[in-house]
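**Student:** Throw the hints in and build the complete structure from the sequences for me.
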Amino acid sequence: MEVIFCDTTRVLASTSPATRTLWEGLTLTYRVAKESHYGGAATSPLVVEHPDCGFPTLRYLEPASDNIDYLNRPMVEFHDVPAEYVAEIEQTLRDALHDPHHCYAHSWQAGDVVVADNYTLLHGREPYASRCGRHLRRVHILDDLRLMNLALR
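Residue numbers (our numbering): 46 to 198.
None of these hints come from the bench; they were simulated from the model. Predicted model only: the values in this text are computed from it and were never measured.
Just the calculated beta-carbon pair ranges, DEER-fashion:
1. Pro62 to Asn112: 26 to 36 angstroms
2. Val77 to Asp125: 16 to 26 angstroms
3. Asp157 to Val126: 34 to 44 angstroms
4. Ala132 to Ser152: 23 to 33 angstroms
5. Asp140 to Asn163: 17 to 27 angstroms
6. Glu129 to Gln154: 41 to 51 angstroms
7. Asn163 to Thr72: 13 to 23 angstroms
8. Ala128 to Gly156: 46 to 56 angstroms
9. Glu94 to Val126: 16 to 26 angstroms
10. Val131 to Val77: 14 to 24 angstroms
11. Asn163 to Gly84: 17 to 27 angstroms
12. Gly70 to Phe100: 13 to 23 angstroms
13. Trp153 to Glu129: 32 to 42 angstroms
Beta carbons: idealized from backbone N, C-alpha and C, even for Gly.
**Tutor:** Now the structure itself:
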C-alpha cells in the first residue's frame, strides 16, 4: 500500500501568479453523507494561512474519480465559479498536486511511523483491493487547540 504526501507550500511557490490569484479567491464546500459519526459539510477557502506558522497552504479534497466505486462519495462545490470553468480549475489543481516535485510517495512497511503537519501537507492513497488486509493506528497530536482551521465555516 502506498500513500502520497503533497507539500502544498511547494505547490503554491511554483504556481504562476495568475493561478495563485485565482486560487486565493476560491471557496469550496465539501459534503459527505452522514454515516454514523462521520459526515456532514465543511466550507473553506482553498488557500488558508497555516494557523501556527502563518504561511499559505492549500486545503483541498480532490474529487473522487468516477471510475472508483465509493460507498460514501465526497462531493465538492466551488462557490461563485461558472460551471464551465470548474473542470479546468480541478485539472489545474490535480496537475499541481500530483507533480513529482511536490510529492513524496511512501510504500508502507511493518513498523513504519509517520509524523506529518496536516496543515501543510495533503495526502491520499491508492484504493484498497477487495478484502485486503489493513491495520492502521492514527494518533492526533494537538498541543494547542487554536491550531484548528479557523477558515472553516
